[in-house]
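S.K.: Sequence:
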Amino acid sequence: MDKYCNYSKRERVLRTIRREKTDRIPKGELCITDSIISRELNCSKIGFEEKLAFIDRLGLDIFTVSPIFPHDKNRLPEPDEYEWPDIKKWASQTSVFTFALIDSAFETGLRTYGMLDFLTLPKESPDDLKNFIRQVEKLNIATMKQAADQGIDGIILADDIAYANGLLTNPNILREYFLPSLAKQVEEITHLGLPVFYHSDGNYREIIPDLIDMGIQGLQCIEQRCGMDIAALQKEYGDLLCLWGHIDTENTHSAHDVDFLKNFSASIQSLSARNGIILGTNCGLYEGIDIEGLTAIYRTLE
Numbered sequence: 001m002d003k004y005c006n007y008s009k010r011e012r013v014l015r016t017i018r019r020e021k022t023d024r025i026p027k028g029e030l031c032i033t034d035s036i037i038s039r040e041l042n043c044s045k046i047g048f049e050e051k052l053a054f055i056d057r058l059g060l061d062i063f064t065v066s067p068i069f070p071h072d073k074n075r076l077p078e079p080d081e082y083e084w085p086d087i088k089k090w091a092s093q094t095s096v097f098t099f100a101l102i103d104s105a106f107e108t109g110l111r112t113y114g115m116l117d118f119l120t121l122p123k124e125s126p127d128d129l130k131n132f133i134r135q136v137e138k139l140n141i142a143t144m145k146q147a148a149d150q151g152i153d154g155i156i157l158a159d160d161i162a163y164a165n166g167l168l169t170n171p172n173i174l175r176e177y178f179l180p181s182l183a184k185q186v187e188e189i190t191h192l193g194l195p196v197f198y199h200s201d202g203n204y205r206e207i208i209p210d211l212i213d214m215g216i217q218g219l220q221c222i223e224q225r226c227g228m229d230i231a232a233l234q235k236e237y238g239d240l241l242c243l244w245g246h247i248d249t250e251n252t253h254s255a256h257d258v259d260f261l262k263n264f265s266a267s268i269q270s271l272s273a274r275n276g277i278i279l280g281t282n283c284g285l286y287e288g289i290d291i292e293g294l295t296a297i298y299r300t301l302e
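Sequential numbering of the sequence shown, starting at 1, is according to full-length UniProt numbering.
Just so you know, the hints here were simulated from the structure itself, not pulled from any lab data.
Among the clues, some could well be false.
As the list claims (entries may be wrong) - Distance condition first, Cα-Cα at most 25 angstroms in a straight line; then the derived DMTMM-like pairs of lysine to aspartate or glutamate: (1) Lys89 - Asp34; (2) Lys45 - Asp34; (3) Lys145 - Asp80; (4) Lys184 - Asp127; (5) Lys184 - Asp210; (6) Lys184 - Asp239; (7) Lys73 - Asp201; (8) Lys130 - Asp80; (9) Lys262 - Asp23; (10) Lys184 - Glu206; (11) Lys73 - Glu124; (12) Lys88 - Asp34; (13) Lys145 - Asp160; (14) Lys262 - Glu250.
With these hints in hand, go ahead and build the complete structure from the sequences.
M.R.: Printed below as a string of structure tokens:
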């Protein structure tokens, strides 16, 4: 019997994060909207059982838990205001690898201040920015400990710092204000014994070396249309990072074409030869994703 067969989903993902050989490419999504589950399962109530049934139907190895907390532009939430829906069930009653998704300071700042005000804050009020980042760091360390105590398998730090053509702000601003705090959070996650991924949309290639240096083990969201070519990234960083994503919305629609599906699947198989690849959409499952096409992509790789 092949010694790489019959891994549990959790084992398969963990080996992939470590860039070790597995029986197949693991699959996972950053998020899944309830409306898609409702439509695909023809149900009105969406809870733990329905979500589990849906990810089993797709053959996913990963589920990501996002916290629920009050959104108030005048203050950050307190740690005890965070709720992690069914996190203990995902950790103890399933074999899937469960990530907790936590927004870091840049993402939280965009949501709290609005894009224009936040992007000008380093110039207009650097002390206020430093104080805000410290508050987010303190909050995140508390919430990641909450998630770890409830059995989470890994943590994704989310910061949408980029757009299609590059970073939203000067990389020196990121390195002066944001990345030192991010590094402290990564250090805390490492002390908890959990793998840590970084998520951003767009093209953030310029700071990938910084992310590696602070101990990030994987990147989620690899948008080829934004210059994040997964083959090139694997060639450059494949010995240091696990790469998760690659499927764009357009790919799910194109997958109905037999030739496209064959060629796309072959390209993914060639990437997996070096290990360290998790397949998934870059954006998560929202309206606009062709679930039938995505399922076809996933099934060709089983």
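S.K.: Take the hints in turn and mark each one as holding or not.
M.R.: Hint-by-hint comparison with the structure:
no., hint, result
1, Lys89 - Asp34, "holds (18 angstroms)"
2, Lys45 - Asp34, "holds (9 angstroms)"
3, Lys145 - Asp80, "holds (12 angstroms)"
4, Lys184 - Asp127, "holds (19 angstroms)"
5, Lys184 - Asp210, "holds (13 angstroms)"
6, Lys184 - Asp239, "holds (23 angstroms)"
7, Lys73 - Asp201, "holds (23 angstroms)"
8, Lys130 - Asp80, "holds (24 angstroms)"
9, Lys262 - Asp23, "holds (20 angstroms)"
10, Lys184 - Glu206, "holds (20 angstroms)"
11, Lys73 - Glu124, "holds (19 angstroms)"
12, Lys88 - Asp34, "holds (20 angstroms)"
13, Lys145 - Asp160, "holds (23 angstroms)"
14, Lys262 - Glu250, "holds (16 angstroms)"
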